[in-house]
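Protein sequence lines, in the order shown, are assigned to chains V and D. Be aware that the first sequence starts at 1, since it is given in the numbering used here, and climbs by one per residue. Be aware that the second sequence starts at 254, since it is given in the numbering used here, and climbs by one per residue.
Hints were generated in silico from the structure; no laboratory data involved. Do not rely on the hints blindly, as some may be mistaken.
What the hints assert, rightly or not - Some chain D residues well away from chain V (every beta-carbon gap over 12 Å; in silico):
hint, residue
1, 327
2, 366
3, 455
4, 483
5, 487
6, 508
What the hints assert, rightly or not - Calculated lysine to aspartate or glutamate pairs in the EDC-like style (CA-CA distance at most 20 Å, straight line):
hint, chain 1, residue 1, chain 2, residue 2
7, V, 72, V, 59
8, V, 133, D, 269
9, V, 72, V, 7
10, V, 110, D, 269
11, V, 173, V, 211
12, V, 5, V, 88
13, D, 485, V, 117
14, V, 183, V, 201
15, V, 133, V, 159
16, V, 72, V, 88
17, V, 110, D, 392
18, D, 427, V, 91
19, V, 110, V, 157
20, V, 5, V, 222
21, V, 73, V, 91
22, V, 133, D, 460
23, D, 485, V, 113
24, V, 73, V, 62
25, V, 210, V, 157
26, V, 23, V, 62
27, V, 5, V, 67
28, D, 427, V, 59
29, V, 183, V, 197
30, V, 219, V, 7
As the list claims (entries may be wrong) - Derived CB-CB ranges, DEER-like:
hint, chain 1, residue 1, chain 2, residue 2, range
31, V, 73, D, 506, 54 to 62 Å
32, V, 24, D, 382, 30 to 38 Å
33, D, 272, V, 240, 38 to 46 Å
34, D, 445, V, 40, 31 to 39 Å
35, D, 437, V, 59, 45 to 53 Å
36, V, 40, D, 460, 35 to 43 Å
37, V, 73, D, 445, 48 to 56 Å
38, V, 41, D, 443, 46 to 54 Å
39, D, 445, V, 59, 52 to 60 Å
Where a beta carbon is used, it is the ideal one built from N, C-alpha and C, also for glycine.
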Amino acid sequence: MSHHKLEVRNLRFSYPDGHEAIKNISFIIHHSESVGIIGANGAGKSTLLMLLMGLLFPDSGEIMVGDVLVTKKTLPMMRQRMGMVFQDPDDQLFMTSVYDDVAFGPRNYKLSEKEVESRVTKALESVGIPNLKYRAPFRLSGGEKRAAAIAAVLSMEPDILIMDEPTSALDPKSRRRVINLLKGFSHTKIITSHDLDMVLETCERVIVIKDGEVFADGKSADILVNAELLDSCGLEIPLSLQNCPVCGKRKNN
Amino acid sequence: MSKIANSLYNIRLLNDLANKNTSIHNIHPLAKVIATVIYLIMLTSCGRYEISRLLPYIFYPVLIFAFAELPAVPILKRVLLVEPLIIGIGILNPLFDNYTINIGDFAISRGWITFFSIFIKSSMAIVASLLLVATTGMDKMALALRMLKIPKIFVLQLLLTYRYISVLIEEVFKMQRAYTLRAPGQKGIHISAWGSFAGQLILRAFDRAQRVYQAMSLRGFTGEYNTGEIPKFMFKDFAYMSGWSLFFVIARIYNIPMLIGLFFTGVFNL
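Input sequences plus hints: build the corresponding full structure.
What follows is the structure, given as structure tokens:
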């Protein structure tokens with residue numbers, strides 16, 4: 001299905017202060033692919049996500065969702081098809097109850113209240129928190145907030161899910177729950193993270209960004225074991241692939 | 254620290270109370286908002302020497318407390334928070350207006366009467382507003398305000414301020430903690446750091462606002478706040494609204510306590 005394809009061509013972007021954050025990035029992400037975008041701090045990951053979502057506009061180059069070019073005119077339509085989960089769930093949960101928050105997107109697209117309700121219920125069930133429906137977002141734990149934020153995006157039924165650091169600031173159990181959740185989604189996924197173990201588990205493809213450029217693009221199984229490549233980008237191979245910290249023995253891959 | 258943590262916890266109490274299911278909570282938000290507004294107008298427009306006229310207005314909060322099954326202590330505590338401000342406004346009256354009048358054997362300056370009248374009026378007005386929030390909730394109140402054609406920008410601002418006040422308090426708390434850890438033995442924040450402290454807070458608030466706005470527009474926000482199904486305005490809502498409004502207006506026009514007094518004394522004179 002070509003209409004779920006995301007294509008980025010020769011993207012360039014500089015901030016008003018002259019800092020060139022994105023220098024010539026191109027890639028294609030196909031339907032139902034999971035792609036991890038990794039890179040050191042300041043490599044340009046967040047800027048890239050903002051460009052993808054149309055929160056920033058590139059100086060040159062283009063972004064195509066399916067066969068539609070992202071412009072100011074096509075933004076509303078495009079945003080319905082791409083959902084982004086923010087790094088800090090507090091930025092995303094602004095209503096007074098979880099239900100209203102998850103319903104926020106569908107209501108903005110003027111769906112009937114019945115349709116809104118069924119979507120909210122479905123979204124909350126798919127992230128496993130139907131019991132928190134009427135709770136206030138600020139009373140939730142970190143893991144619950146993250147789940148609510150994901151539900152808030154799922155209720156828009158996007159084709160492409162974009163996540164900024166979905167496992168940051170979560171305890172191990174909540175992190176595991178989010179990872180399992182991500183693995184269960186059949187959407188096209190774009191995930192940025194420093195949690196390379198999570199990327200290894202959830203994404204079959206990785207794009208490494210360095211100084212605003214694509215440094216490497218390939219299978220996770222190839223790139224995430226390449227210590228030299230990762231080291232040159234300010235990264236490290238995933239902890240699960242590193243030597244045992246107690247006996248120093250190398251793991252058999 | 255405990256103070257800030259406490260206030261964070263308590264800040265939502267009123268909204269939590271609004272989730273109850275009593276006959277008062279089930280009244281249409283618009284009816285409650287209008288009744289409260291008329292209450293406030295009638296109450297505050299009473300003359301400054303007419304304390305007796307204010308007495309009937311106490312019925313409203315008392316009945317709402319009872320029928321909505323609200324806890325009186327936490328709500329009255331919130332009124333106490335505002336009292337110093339009210340006293341500050343009225344306390345000079347007894348000094349300036351010292352014309353004395355006699356009530357029975359007591360001579361009292363008119364200033365004290367105006368002071369008490371300000372005190373009673375403001376306290377009752379605050380109680381009424383708090384009761385509105387505690388029986389309606391912020392979301393539904395916003396809905397009612399929109400139905401009254403209040404511009405959406407104001408309503409949105411109200412709701413977002415309410416949502417993010419706790420986030421801002423947390424931010425202040427974090428900054429304060431970072432400050433005190435590096436400034437041992439200092440009480441509070443030194444005046445020389447106030448500027449950068451306030452500036453920092455504003456910048457953080459801007460950043461936060463930017464991200465919240467982005468999150469909203471990504472989910473199709475175009476300026477209209479859709480709060481879902483609008484409840485129907487039924488006869489009981491109309492009766493509630495007009496009943497109370499009528500009572501407030503009558504209590505404003507006629508001095509009910511005096512009429513009752515006259516009635517009884519008249520009866521006894523026969």
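A quick look at each hint next to the structure:
1. The claim that residue 327/D lies off the interface holds: its Cβ sits roughly 17 Å from the closest Cβ of chain V, which is beyond the 12 Å cut-off.
2. Distance check for residue 366/D against chain V: the nearest CB is about 43 Å away, which clears 12 Å, and the non-interface claim stands.
3. For residue 455/D, the non-interface assignment is confirmed: its Cβ lies about 18 Å from the closest Cβ of chain V, beyond the 12 Å cut-off.
4. Not every Cβ of chain V is farther than 12 Å from the Cβ of residue 483/D; the closest lies at roughly 9 Å, contradicting the non-interface assignment.
5. For residue 487/D, the requirement that its beta carbon stay farther than 12 Å from each beta carbon of chain V is met, with the minimum near 18 Å.
6. Remark: the non-interface label on residue 508/D is consistent with the geometry, its nearest Cβ contact in chain V lying 42 Å away (cut-off 12 Å).
7. For the hint linking residue 72/V to residue 59/V, the alpha-carbon distance of about 14 Å falls within 20 Å, and the restraint holds.
8. Proposed proximity of residue 133/V and residue 269/D is supported: the alpha carbons are some 14 Å apart, at most 20 Å.
9. Among the hinted pairs, residue 72/V with residue 7/V is consistent with the structure: their alpha-carbon atoms are about 17 Å apart, no more than 20 Å.
10. With a C-alpha separation of about 28 Å, the suggested pairing of residue 110/V with residue 269/D is violated against the 20 Å cut-off.
11. A C-alpha spacing of about 34 Å is found between residue 173/V and residue 211/V, which places the hinted pair above 20 Å, so the restraint is violated.
12. For the suggested pair residue 5/V and residue 88/V, the alpha carbons sit about 27 Å apart, so the restraint of at most 20 Å is broken.
13. Between residue 485/D and residue 117/V the alpha-carbon distance is near 19 Å, which keeps this suggested pair within the 20 Å criterion.
14. A C-alpha spacing of about 8 Å is found between residue 183/V and residue 201/V, which places the hinted pair at or below 20 Å, so the restraint holds.
15. With a C-alpha separation of about 24 Å, the suggested pairing of residue 133/V with residue 159/V is violated against the 20 Å cut-off.
16. Proposed proximity of residue 72/V and residue 88/V is contradicted: the alpha carbons are some 26 Å apart, above 20 Å.
17. For the proposed pair residue 110/V and residue 392/D, the alpha carbon gap of about 19 Å is at most 20 Å, so the pair holds.
18. For the proposed pair residue 427/D and residue 91/V, the alpha carbon gap of about 17 Å is at most 20 Å, so the pair holds.
19. For a cut-off of 20 Å, the pair hint linking residue 110/V to residue 157/V stands: about 14 Å separates their Cα positions.
20. With a C-alpha separation of about 23 Å, the suggested pairing of residue 5/V with residue 222/V is violated against the 20 Å cut-off.
21. The straight-line distance between the Cα atoms of residue 73/V and residue 91/V is roughly 25 Å, outside the 20 Å bound, and the hint therefore fails.
22. Taking the CA atoms of residue 133/V and residue 460/D, the gap is near 28 Å; set against the 20 Å cutoff, the hint is violated.
23. Distance check on the hinted pair: residue 485/D and residue 113/V sit about 15 Å apart at the alpha-carbon level, within 20 Å; holds.
24. With a C-alpha separation of about 14 Å, the suggested pairing of residue 73/V with residue 62/V holds against the 20 Å cut-off.
25. At roughly 32 Å between alpha-carbon atoms, residue 210/V and residue 157/V are farther apart than 20 Å, so this suggested pair is violated.
26. Distance hint between residue 23/V and residue 62/V is fulfilled; the C-alpha atoms sit about 13 Å from each other, no more than 20 Å.
27. With a C-alpha separation of about 8 Å, the suggested pairing of residue 5/V with residue 67/V holds against the 20 Å cut-off.
28. For the hint linking residue 427/D to residue 59/V, the alpha-carbon distance of about 37 Å lies beyond 20 Å, and the restraint is violated.
29. Distance check on the hinted pair: residue 183/V and residue 197/V sit about 13 Å apart at the alpha-carbon level, within 20 Å; holds.
30. Straight-line distance between C-alpha atoms of residue 219/V and residue 7/V comes to about 18 Å, which keeps the hinted pair within the 20 Å bound.
31. For the pair residue 73/V and residue 506/D, the supplied restraint of 54 to 62 Å holds, since their beta-carbon distance comes to about 60 Å.
32. In this structure the hint that residue 24/V and residue 382/D lie 30 to 38 Å apart at CB is violated, the actual value being about 58 Å.
33. A hinted range of 38 to 46 Å for the beta carbons of residue 272/D and residue 240/V is consistent with their spacing of about 45 Å.
34. Range check, residue 445/D to residue 40/V: Cβ separation about 37 Å, and the 31 to 39 Å hint holds.
35. Checked against the hint of 45 to 53 Å, the pair residue 437/D and residue 59/V passes, with Cβ atoms roughly 49 Å apart.
36. The given range of 35 to 43 Å is broken by residue 40/V and residue 460/D, whose C-beta atoms sit roughly 22 Å from each other.
37. For residue 73/V paired with residue 445/D, a C-beta distance near 52 Å keeps the hint of 48 to 56 Å intact.
38. The hint said 46 to 54 Å for the Cβ distance between residue 41/V and residue 443/D, and at roughly 33 Å that hint is violated.
39. Restraint check, residue 445/D to residue 59/V: a C-beta distance of roughly 42 Å breaks the suggested window 52 to 60 Å.
Checked against the numbered hints given earlier, the structure breaks hints 4, 10, 11, 12, 15, 16, 20, 21, 22, 25, 28, 32, 36, 38 and 39 and satisfies all the rest.
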